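Listed here are the chains, written in short residue letters.
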Amino acid sequence: VSASSTSSSKTGSRAKLNIYCKIDRKCARWLVIAVGLVRAYIARGSYHGLYYSIEKPLKFFQTGALLEILHCAVGIVPSSVVLTGFQVMSRVFLTWAVTHSVREVQSEDSVLLFVTAWTVTEIIRYSFYTFSLLNHLPFLIKWARYTFFFVLYPMGVTGELLTIYASLPFIQKTGLYSVTLPNKYNFSFDYYTFLILVMLSYIPIFPQLYFHMIRQRKKVLGHIEDYSKVE
Amino acid sequence: MDALALEATGGKKAANGAAAAAPVPAPVPVKRKPAKKAKKAVVFFEVEILDAKTKDKLCFLDKVEPNATIGEIKSMFHKSHPQWYPARQSIRLDPKGKSLKDEDVLQHLPVGTTATLYFRDLGAQISWVTVFLTEYTGPLVIYLMFYFRVPFIYAPKYDFTTSKHWVVHLACMCLSFHYVKRLLETLFVHRFSHGTMPLRNIFKNCTYYWGFAAWMAYYINHPLYTPPVYGEQQIRMALILFLFCQIGNFSIHIALRNLRPPGSKTRKIPYPTKNPFTWVFLLVSCPNYTYELGSWLGFTLMTQCLPVAFFTLVGFIQMTVWAKGKHRSYLKEFRDYPPLRSPILPFIL
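These protein sequence lines are chains X and D, in that order. Our numbering numbers the first residue of the first sequence as 176 and each following residue consecutively. Our numbering numbers the first residue of the second sequence as 2 and each following residue consecutively.
Keep in mind that the hints were calculated from the coordinates and are not lab data. A few of these clues could be false.
[What the hints assert, rightly or not] Example chain D residues on the side facing chain X (calculated, C-beta under 10 Å, incomplete):
id : residue
1  : Tyr148
2  : Pro152
3  : Ile221
4  : Leu225
5  : Thr227
6  : Gly232
7  : Gln305
8  : Leu307
9  : Ala310
10 : Thr313
11 : Gly316
12 : Phe317
13 : Gln319
[To be verified] The following label-pair restraints were derived from C-beta to C-beta distances:
id : chain 1 : residue 1 : chain 2 : residue 2 : range
14 : D       : Arg121    : X       : Tyr328    : 30 to 38 Å
15 : D       : Ser194    : X       : Asn193    : 39 to 47 Å
16 : D       : Arg268    : X       : Leu309    : 47 to 55 Å
17 : D       : Lys327    : X       : Leu372    : 35 to 43 Å
[To be verified] Dumping the calculated DSSO-like pairs for lysine-lysine here, alpha-carbon to alpha-carbon at most 30 Å:
id : chain 1 : residue 1 : chain 2 : residue 2
18 : X       : Lys359    : D       : Lys165
19 : D       : Lys54     : X       : Lys394
20 : D       : Lys80     : D       : Lys182
21 : D       : Lys97     : X       : Lys393
22 : D       : Lys56     : X       : Lys393
23 : D       : Lys54     : X       : Lys393
24 : X       : Lys394    : D       : Lys97
25 : D       : Lys56     : X       : Lys394
Since the model is a prediction, treat every value here as computed from it, not as a measurement. Beta carbons: idealized from backbone N, C-alpha and C, even for Gly.
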């Protein structure tokens, strides 16, 4: 699609350039996290406590991903607002409301599990968006995006669920983020029960997202297989 | 019937009639007095109904009267496909176009004598009245269960006890009054444009109303409930606001009802009436929502309960969406719509 001389497509391509730069930077940042992880692992000789080496960038980038929902809503990035919004929200929730808030879980292996899954997924995804915007998408990236999720999704979900589960005893003990009666606003909130409900919500939601990706895969990669059959 | 043949027979009759009445010099009107019953030329339409998505031929109706309405066509279609009762049929001229109304007459549509109509299944339908009655009865029953502290809600030692705060009793009366009013309005006041809505709406709506009712009722009737900070003063102001807005809301419903004769679906611009509560029509398109917001603000203030505030907020957002839609359709339909009016809040929203 070449840029025509109409003003609307000019603003369209300007916005696209803007987004391209942002996505390119995001890709680079996730690479930073990945590199940080690898270096820290080599330095320490074990993967315990790797969370601390990437804590700040992780928080910053995951929160910055909130912008992404806006990009989807405006239509510049070809993803559904609801699904992207959901994913970003759940990641921000896990980063801040669970991992950051409960110090004791930060040394858990499960944290590393989901951080790794997120990192790999995001590097592939942002490369995909970048190249798509440049209209020069290498098949490898497209294939990776729609294939790696088979392993990365369950890996990430497992890491997330284990982390939440690990945080439960500490939250019950300290009453973190919980409000009890009586109080003048006549309101109560039990974070412990809330987290259990969040964990249960994975049961209906995760299969939907997973099968959505499988369906997308068939659509995107499906006709590539047809081509090879024709030849 | 052949138009030419009709002319021929009519001509003969006219000639006979004229000869017999020759001495009478009365001006003969163009209308022929037929000796035998001659039918006016009726061009019947043929209607074929295709599926809007698959374009399959679903039904072919011949000998359809030109003045048949879409509603009548829907009944005919229902006969050949009994699983699609008229309420769940969407008939349109274009597969992606808007639905035609039941009152639309076939010959006034931009179709030839063989009309092609497209059908879309709206899914199982349920009547508005049923939905309203169900979604409003739930909160009434649920709230009372919490008010009377039915077992398994609070600790067993509180079962069937009553609150020691009089505001809790007042709140129960207000809320019960509110939902009883809504039920009675559904039965006797409202005149609905649409008969039905999709069946899945009843689950969505009931979850919303019943869920929030339970959440609010739990805290207001809780043994550890804390009465409003400013005590009697706050409760009194809140009650006045609540009652004022309840009367206001009812007045608007009556005014809207009177705009529309029974059984009709006409739409007219609402105007202020003699009732002062309707004077807000000068500034607002949907004052029933304005008053509803006021009622719930009153209830929030009366109970000083955060879940009630959330319910008020969510309701306000939804009503604003509805009010804006209604305001827009008023503006589209009526050229002379009063420009001073806002959808829901005077001058603001």
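Inset, instruction - Check each numbered hint from earlier against the structure, then list the numbers of those it violates in ascending order. - result: 1, 2, 6, 10, 11, 12, 13 and 20
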